[in-house]
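**Q** Each chain, letter by letter, is given below.
There are 2 protein chains.
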Amino acid sequence: MNLTCSKNDLLNGVITVLKAVSTRTTLPILECILLQATSEGFKLITNDLELGIESKVKATIIEPGTVALKAKMFSEIVKKLPENEVEIIVDENNFTTIKCEKSKFSISGQSGEDFLQLPSISKDKYIKISQLKLKEMIRQTIFSIAIEEIRPILTGELLEIKNNELNMVSLDVHRVSISKLDFNTEINDMMVVIPGKTLNEISKILDTDEEKDVMIYFTDKHILFELEDSIIVSRLLAGDFPKYEQFFSKDYDTLVKVNKQELLMSIDRAALISRESKKNPIKITIKNNSMIITSNTDLGNVYEEIDIEVEGKELEIAFNPKYFIDALKVIDDDYLYLQFTNSHSPCIIKQVDGDEYKYLIVPIRIRA
Amino acid sequence: MNLTCSKNDLLNGVITVLKAVSTRTTLPILECILLQATSEGFKLITNDLELGIESKVKATIIEPGTVALKAKMFSEIVKKLPENEVEIIVDENNFTTIKCEKSKFSISGQSGEDFLQLPSISKDKYIKISQLKLKEMIRQTIFSIAIEEIRPILTGELLEIKNNELNMVSLDVHRVSISKLDFNTEINDMMVVIPGKTLNEISKILDTDEEKDVMIYFTDKHILFELEDSIIVSRLLAGDFPKYEQFFSKDYDTLVKVNKQELLMSIDRAALISRESKKNPIKITIKNNSMIITSNTDLGNVYEEIDIEVEGKELEIAFNPKYFIDALKVIDDDYLYLQFTNSHSPCIIKQVDGDEYKYLIVPIRIRA
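Protein sequence lines correspond, in order, to chains A and B. For the first sequence, our numbering gives the first residue as 1, with consecutive numbering after it. For the second sequence, our numbering gives the first residue as 1, with consecutive numbering after it.
These aren't lab readings, by the way, just hints derived from the structure by calculation. Some hints could be false.
[Stated by the list, open to error] Here are the simulated DSSO-like pairs of lysine-lysine, each with C-alpha atoms no more than 30 Å apart in a straight line:
#	chain 1	residue 1	chain 2	residue 2
1	B	K329	A	K102
2	B	K358	A	K80
3	B	K56	A	K329
4	B	K350	A	K72
5	B	K80	B	K99
6	B	K56	B	K104
7	A	K180	A	K162
8	A	K123	A	K204
9	A	K133	A	K283
10	A	K102	B	K322
11	A	K123	A	K133
12	A	K99	A	K133
13	A	K350	B	K80
14	B	K104	A	K350
15	B	K350	A	K80
16	A	K80	B	K56
17	B	K125	A	K329
18	B	K287	A	K79
19	B	K162	B	K197
20	B	K257	A	K79
21	A	K104	B	K102
22	B	K80	A	K322
23	A	K287	B	K104
24	A	K99	A	K123
25	A	K80	B	K257
26	B	K322	A	K283
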């Protein structure tokens, strides 16, 4: 292989593909970046068996070829090179020379043929969505995927298309998060469960430019995200995702309209006193158009009061403050609705003018 | 105690004094901030027995008093309070109420009388120096204090006044760093050794405004830094600081003038290959107005070339690249001198037009 490219183009490609490099693996080839120069151009490829990324880098190819280089060493070299033209030359023993100005590195590589190719994905079934919108939907839901792998399906998020809506849903035993988008597509209703790690990594690669779209292709086992210069392939999680809609009751006994920032700040302060122990929840009392948030532990006690609009019954209910803080942090609206039934039933957080998000939080039982 | 102050003034004071709070201690009172309201005003005080900080906070004192509050809890409460007037009320049992808008915290405190007061320092012997200049001198030398405590005196820095110069010096077995300032003062020549931790913390408190000065008072055992709203007291290290000047030879066989940034970048790249093992230094070859930097290890090899001006003999010498990188990172000049005698003798880094800094780095022996 023999090619030249700009340091900055190369660095952008390297930063993108680094997200699918294994750091702890017994298969050393997974710690590598594959450099592949063919008639189709110069590509960097990584694959940690769950996630695979391929990134095109503009280059002048003098002689095609491939080599697999340790990702850590190669990426650090590229980061520190002068900002100028880079020359990469690989000999028949995979010995790789990287030159830039008066800098010259020589490192051993492995044969590109040892590298595990990305799965090939049929492009029959696809949707197109704004990169920014997808990034937003991930941000609004990713925090409530389950960490523990007792039910592996819950470590991913449901992506569901149904009734001209696209839903992204994550849930664990304490809460449900839903982000919803009006969505017209020709493909039939469908649902897939995408690993949380994939969504975290793709979210870092997605552009914040509202104009740019991402194409998403689906097969039974894989999902492929196609961006301008990169593609990301991920396996899907197998199994049945819980029927989350049954948890959301349409009825309620108390409906509260509250300023989001005031609620977040008050719960955040109350959490200072409560967080040392899970047995010490925050208590919310709704009464006379005000919401009182209290917590009382060995460390001391805290009292917070917020003006609210209330429709329905008075209420006392207790929560782990973390679940409220997580959801409130990703909501961008100034005001929101809290919907309660009684002190044993979940609280539902809803949008005031619309249906773009919905969060459900299970309360903690308090003694009478 | 009963007082009111602004959240922001209180927060600034808290952030300043937090730097002298013990985190791992068997003496719980050292984890506290002392709040002290007297006729002299409202002060926050911390003391970890090595370092003590006192910070004045503008306040309206309704009733004087003192209380010691756990620094972690109190600082987190203050950080999260609304930006408004804060009311602090302490009852006879040291039970402390902190109110701000519709937020009210109540936490237990400890008696202020249990708090270990800062040592009182005689103010006979002092110097005045620009805060920015002192901050700079610390930055230029702090990185080469010894970490291990085999010789505790080396975990601090020498501050020395002699011949109308103020020197700050740090050294370990591999290197010496000196920052020098022309300095006229009426006090006699003197030298003290200040703990590295003290210098690190004071450096964060010092202002970058060139106009602002700090008063420094000395006794045999302590040093006191007096800023606008705070004082910092530290114990000094006892013992004899090595006579560092004897390490600097005036003679040399090779003098190199080099661009600082080029040298730093080249050594930084060469270090990528060498750093995995201390047995693999970088090799510097000086020849025909160029400096060649190479490193050759299991990982591969690197070759860097820099144009330089040379006076004197050709030379081959080897170093641990970290010591060069540390020194070069804090030098702000575009060009500098490297002075060599032979491959077994230290390299001295000097200023081209002046004498504000000097670094000595011991080479690594290479086999012939």
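**Q** Next step is simple, just say for each hint if it's right about the structure.
**A** Here's how the hints hold up against the structure:
1. B:K329 with A:K102: 21 Å, holds
2. B:K358 with A:K80: 27 Å, holds
3. B:K56 with A:K329: 35 Å, violated
4. B:K350 with A:K72: Distance of about 35 Å is beyond 30 Å: violated.
5. B:K80 with B:K99: 12 Å, holds
6. B:K56 with B:K104: Distance ~24 Å between B:K56 and B:K104 Cα, so the pair holds.
7. A:K180 with A:K162: At roughly 11 Å apart (the allowed maximum being 30 Å), A:K162 and A:K180 satisfy the hint.
8. A:K123 with A:K204: 24 Å, holds
9. A:K133 with A:K283: This hinted pair is violated, its Cα atoms lying about 35 Å apart.
10. A:K102 with B:K322: 21 Å, holds
11. A:K123 with A:K133: Between A:K123 and A:K133 the Cα gap is close to 22 Å, so the pair holds against 30 Å.
12. A:K99 with A:K133: Outside the cut-off at roughly 40 Å; violated.
13. A:K350 with B:K80: 26 Å, holds
14. B:K104 with A:K350: 28 Å, holds
15. B:K350 with A:K80: 26 Å, holds
16. A:K80 with B:K56: Not OK: A:K80 and B:K56 at ~46 Å, beyond 30 Å, violated.
17. B:K125 with A:K329: 54 Å, violated
18. B:K287 with A:K79: Distance ~29 Å between B:K287 and A:K79 Cα, so the pair holds.
19. B:K162 with B:K197: Satisfied, since the Cα-Cα distance of roughly 25 Å is no more than 30 Å.
20. B:K257 with A:K79: 27 Å, holds
21. A:K104 with B:K102: Violated, at about 64 Å.
22. B:K80 with A:K322: Holds, at about 15 Å.
23. A:K287 with B:K104: 19 Å, holds
24. A:K99 with A:K123: Cα-Cα ~39 Å, so violated.
25. A:K80 with B:K257: Answer holds: A:K80 to B:K257 is near 23 Å, not above 30 Å.
26. B:K322 with A:K283: Not OK: B:K322 and A:K283 at ~54 Å, beyond 30 Å, violated.
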